[in-house]
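From first to last, the protein sequence lines are chains A and B.
Using the working numbering, the first residue of the first sequence is number 1, and each one after it goes up by one.
Using the working numbering, the first residue of the second sequence is number 1001, and each one after it goes up by one.
The set of hints was computed from the structure by calculation and includes no laboratory data.
No residue lacks a Cβ here, since even glycine has one placed at the ideal position from N, Cα and C.
Hints are supplied without guarantee of correctness; some may be wrong.
To be verified - On the chain A side, residues computed to face chain B include the following (Cβ under 8 Å): (1) M1; (2) R8; (3) A40; (4) N102; (5) G103; (6) E106; (7) F107; (8) L109; (9) S110; (10) R111; (11) P112; (12) Y113; (13) S114; (14) T116.
What the hints assert, rightly or not - Here are some chain A residues the structure puts well away from chain B; computed CB gaps all over 10 Å: (15) E149; (16) V181; (17) I196; (18) A211; (19) S212; (20) D220; (21) I250.
Read off the chains here:
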Amino acid sequence: MIARKTWREIRLMTVAYTLLIEIMLVPAILLWPKLRREVATFERLMPMQTLKNMMRAIADPDASGAYSAYMSAQMFFKGTNVVGIAGAVLFATALVARERENGTLEFLLSRPYSRTRILLSKFLVVAVALVVPIYLTSWTAIPLSTLVEEQLDFGTVTLAATHASAFVVLFAALTLLCSVVARSQAHTAFAVGAFIVIQVAIYFIQEIRIASLFQLSDFDVYGPILSGNRPFVSVFFGSTVWLLVATAAIVAVAVAQFRRAEP
Amino acid sequence: MNELLHLEGVSKAFGRVQALRSVDLSVGRGEIVGFVGPNGAGKSTCMRICVGIVDRDAGTVRALDRDPRRDPIAIRSHCGYLPGETSLYRNATGHEFLQFAYGGYSVRPEIIDLAPELFDLPLHRRIREYSAGMKQRLALRATLPLDTELFLLDEPDRAIDASARLSLRQVLLALAAEGRGILLSSHHLSEVEAIADRTVFLLEGQRVPTEALRAAREQLRSDVRLRLAREIDLPGGTTLVERLPGGTLRVVTEGDPIAWLSRIPATDIVAAEVGATRLEDLYRVLTERGTEVTP
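Turn these sequences into a full structure, and let the hints guide you.
Below you can see the structure in the form of structure tokens.
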């Protein structure tokens, strides 16, 4: 019941979110042959070392390596890190804060379900709504790539999508925690938004980049995955699983807070 | 189990505000207990504690022979709770809302048939298009047909018109006749007293003892509301308490109010009301007698 209600609330946003990722992806793929010729110019124009490195990898003389690097930037570094995280914040902000703000929290809490079940049901629906579009849109890149005479491997795309999904769900969990604690959606969005801005700012400062969460989901992570240079075990057990563990820990704290919440 | 709800010495504070002070309360099978008090008296907090939405600081609570602190889901599964100040999901249709509200309960459609004028609503429409009265009737439709032994209804008559109120009264009496217990909170003292087997009065988080309530009512028995056709000198033996809007005077007589009233020429009286127990008057008298109502 809770899951169905949550899905009803976010289904239109989920469709819009899926379309947005896909709309960003399709022209990126179709424009690849033209962009490839201009990569050297783009590299010179890039303002930061991080972005210069990314363009240098795309300019790789090995054709398949260049396309993998390009797609890792387009699909994951740009696609999921921007649209995915925006979706995570948008979906999860409302989970509890909106109920509190609209005065429906008491009615929700008076249903014959435990608070743990209420919160986990809501979070699970949001997580699925975020993750499924990432997989679906990533897989569409495989046939689309053939249109520009390039190839992507299903296994590597799926592995990259799994890692990207874990990263996005981590942000959904952080937003959920804020939504439980904050009095309103605006407070939740502000808190998470400020956190993301700080994380992005840290990421672009080479010296302290290691302190940014975005380092876990950047070009240097997805490039080697898509080019097949990082095996599943190394990716999944090396970093993805830690994202999932962190997500589980944050959700556990959110549940503990929600159990104490008063309407 | 004849006692469906039992509270003993229940206290609750929100920060520095003491919402409940050692409240005792019980609801038996087939009993309607009126729960009356001004805003902020602690009625809603008390009900929330009973269904385990809010935890108590002290005292014992047994709802359907269970402690809401330990077994809130079992209590909520067998208890129809209508929150007082809740809003409904504005973007859902009435039908979607009911589907959600009935989840986890068995529902008795015959209750809806009992008062179609109360429960008849355009369920295909979104709740945001409903009037305040329709929203309240939808909330009632989400609660009263639940096949539960105990009902905790926080101001069920809020925003509904007189005929819907009458239908609500019929439904509540029918539920009580089936042996279901009802704790009924309301601001309408006359409505509550018309159907309640007992009335519990809460003031500033404390239950007003029966003796204090009786004394306050006794005091109000000599209360006269009087509207005169013209300005006249009132007969002696009274105290003018206040001038109400519309020119009505409220006086307290020393002796028999009827005898006092008969000393005024009938042609000068437009309207007179003797000894009516209005909730606001009761609040006033109890508040004035504050030290006496404290147990």
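Status of each hint after checking the structure:
no.: 1; hint: M1; in the structure: 3 Å, holds
no.: 2; hint: R8; in the structure: 7 Å, holds
no.: 3; hint: A40; in the structure: 52 Å, violated
no.: 4; hint: N102; in the structure: 5 Å, holds
no.: 5; hint: G103; in the structure: 4 Å, holds
no.: 6; hint: E106; in the structure: 5 Å, holds
no.: 7; hint: F107; in the structure: 5 Å, holds
no.: 8; hint: L109; in the structure: 5 Å, holds
no.: 9; hint: S110; in the structure: 5 Å, holds
no.: 10; hint: R111; in the structure: 6 Å, holds
no.: 11; hint: P112; in the structure: 4 Å, holds
no.: 12; hint: Y113; in the structure: 7 Å, holds
no.: 13; hint: S114; in the structure: 6 Å, holds
no.: 14; hint: T116; in the structure: 11 Å, violated
no.: 15; hint: E149; in the structure: 47 Å, holds
no.: 16; hint: V181; in the structure: 17 Å, holds
no.: 17; hint: I196; in the structure: 27 Å, holds
no.: 18; hint: A211; in the structure: 38 Å, holds
no.: 19; hint: S212; in the structure: 37 Å, holds
no.: 20; hint: D220; in the structure: 43 Å, holds
no.: 21; hint: I250; in the structure: 25 Å, holds
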